[in-house]
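Trainee: In case you want the letters, here they are:
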Amino acid sequence: MVDVGIKLALTLTQIASVMGIVLLTVALLTLLERKVLGWMQDRMGPMEVGPYGILQPVADGLKLFFKEDIIPAGANRIMFSMAPVLSLVPALIGFAVIPFGPTWNVEWFGVEFKPFVISDINIGVLYILAFASIGAYGVILGGWSSNSKYSLLGGLRSAAQLISYELNVGLAIVGVLLLSSSLSMVTITEAQTGGFWRWYAFAPLPFPQFIAFVVFIIASVAETNRTPFDLPEAESELVAGFFTEYSGMRFAFFFLAEYANMILVSCVATVLFFGGWDAPLPFLQFHGSLEHLEWLSGMFWFTVKVYTFLFLFFWLRATLPRLRYDQLMRFGWKVLLPIALGNIVITSIMAYIFS
Amino acid sequence: MKFGEWVKTLIFYEILMGMKATLTHLLHYKPITLQYPHEKKPLPPNYRGMLALLRYDDETEKCVGCDLCEAACPSRVIQVYSAEVPGEPTKRYAKEYYMDMTRCLFCGQCVDACPVDALGMTQEFEWAVYDKRNLQLNKQQLLAIGDRAFPVREKRIEFQHPNVAYFNVSFGDIPQKDA
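If you read the protein sequences in the order shown, they are chains R and E.
In case it helps, my numbering puts the first sequence at residues 1 to 355.
In case it helps, my numbering puts the second sequence at residues 1001 to 1179.
Some clues are possibly wrong.
On the chain R side, residues computed to face chain E include the following (Cβ under 8 angstroms) [unchecked claim]: (1) Trp39; (2) Met40; (3) Asp42; (4) Arg43; (5) Met47; (6) Pro51; (7) Phe131; (8) Thr319; (9) Ile346; (10) Ile349.
Here are the simulated DSS-like cross-link-like pairs (lysine-lysine), alpha carbons at most 25 angstroms apart as the crow flies [to be verified]: (11) E:Lys1091 / R:Lys35; (12) E:Lys1139 / E:Lys1155; (13) E:Lys1139 / R:Lys35; (14) E:Lys1091 / E:Lys1030.
Listing some non-contacts, in silico: residues in chain E with all C-beta distances to chain R over 12 angstroms [to be verified]: (15) Gly1018; (16) Ala1021; (17) Tyr1047.
Bear in mind the hints are in silico, worked out from the structure with no lab data behind them.
All C-beta atoms, glycine included, are put in the ideal place defined by N, C-alpha and C.
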């Protein structure tokens, strides 16, 4: 009984710390995105709140917190209140299976636990994909229940887009799953340890998953509703898309969900294609007499990789205009899908030959 | 389609070039924007800003109440109530002078029309107010704007060049003398 109590306490601590870090990162990202976008467009970004605008997320958060909570006339109140939660929770829940550092087994008061992953379940990838799909319901319900044509159009667009691109995400991952013969995020990371030439995006044998990685990144951008695939919230056409009618904390929930999804997708890309917490060159991490500090370098490299992908998201947003709707659909079904399928075929043949 | 173009499409050549462009701007970061309330762009010398009534260097008003500005104004901003200067029957002045700045389009025709250069356009433009009535200015307010915007003042026309004094008009195109 005591064991269960300690186990529960440890797990709750882990969950709390991961949640805290993720939400802090979201706050940081809102600032970083505006800053990076500004710099790329020869602007300065937010400069007013605090030195160089670094307190802008605090100001934004306070503003959203004190805003009036409006439910439009004729809206479905239950669905309208549920939709933001339904979109935020799946985004945050995915972090449960992400390994942030080395897979140690630490024994503490007679209870074994892994400090750097909340739960090492053997279907981690499937779990993340499943919850990402549930997140789509939040978007669709939010659009439908608002009783507004712009919201409805945004929701419908996002429904079609998420279904099309979810498929590509799933198929792009299959190559990695074939190579690692596991669905557990921890096992997939461990299979890639030992330098960047072992990471699945670059590993020469049996077949580098770089094409799959490109497909995965494009499909992920589409799935997180980011530019150039931000049709669900196309500002110039649909005001703000599915969250046009939302205000205050409900709007903040959608906002948090979008950024949490970005982080989650970056984490998944890091784990599946870029070796998770593995250092690009073996000597770039603590080893030998500093073995006990390996987790430090591991978490450092994980953070670096995740932030690289997050920067890629900003970079794409600063560069590319929005796609037209038919272009989006054609690209998803006629280009990405065959490439992902071809990648699976080639990878399985090569894996059969070389193993 | 040519083979080269096909390869370019395949490796996202155009998109990569675009991303290179944005990255170059990030690396050679040189903002072209001004942090407006803190930094202000220098205005050109002939900037047509807020209107003001001017004074001579002995604190008397330049305006002779001739109504020409009222006649020249295309949007009927100006209202002049002319009167005799008490004790000096040959001279007139504007007893009351009103400007409805909500209607002004800053064309500068009143300034051109004025025979004694009693009107001036300042460099002020930050005249956003919460109450529209604050933009309906009377003579005192317009003179105050002129006082703060044009600290260097002319001599009275009588003490300027004899020709000027005779015709009792100023010549705006003659360069101003140093005070």
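Trainee: Each hint needs a verdict: does it hold in this structure or not?
Mentor: Here's how the hints hold up against the structure:
no. : hint                  : verdict
1   : Trp39                 : holds (5 angstroms)
2   : Met40                 : holds (4 angstroms)
3   : Asp42                 : holds (5 angstroms)
4   : Arg43                 : holds (5 angstroms)
5   : Met47                 : holds (6 angstroms)
6   : Pro51                 : violated (13 angstroms)
7   : Phe131                : violated (30 angstroms)
8   : Thr319                : holds (5 angstroms)
9   : Ile346                : violated (16 angstroms)
10  : Ile349                : violated (21 angstroms)
11  : E:Lys1091 / R:Lys35   : violated (64 angstroms)
12  : E:Lys1139 / E:Lys1155 : holds (21 angstroms)
13  : E:Lys1139 / R:Lys35   : violated (48 angstroms)
14  : E:Lys1091 / E:Lys1030 : violated (59 angstroms)
15  : Gly1018               : violated (5 angstroms)
16  : Ala1021               : violated (7 angstroms)
17  : Tyr1047               : holds (26 angstroms)
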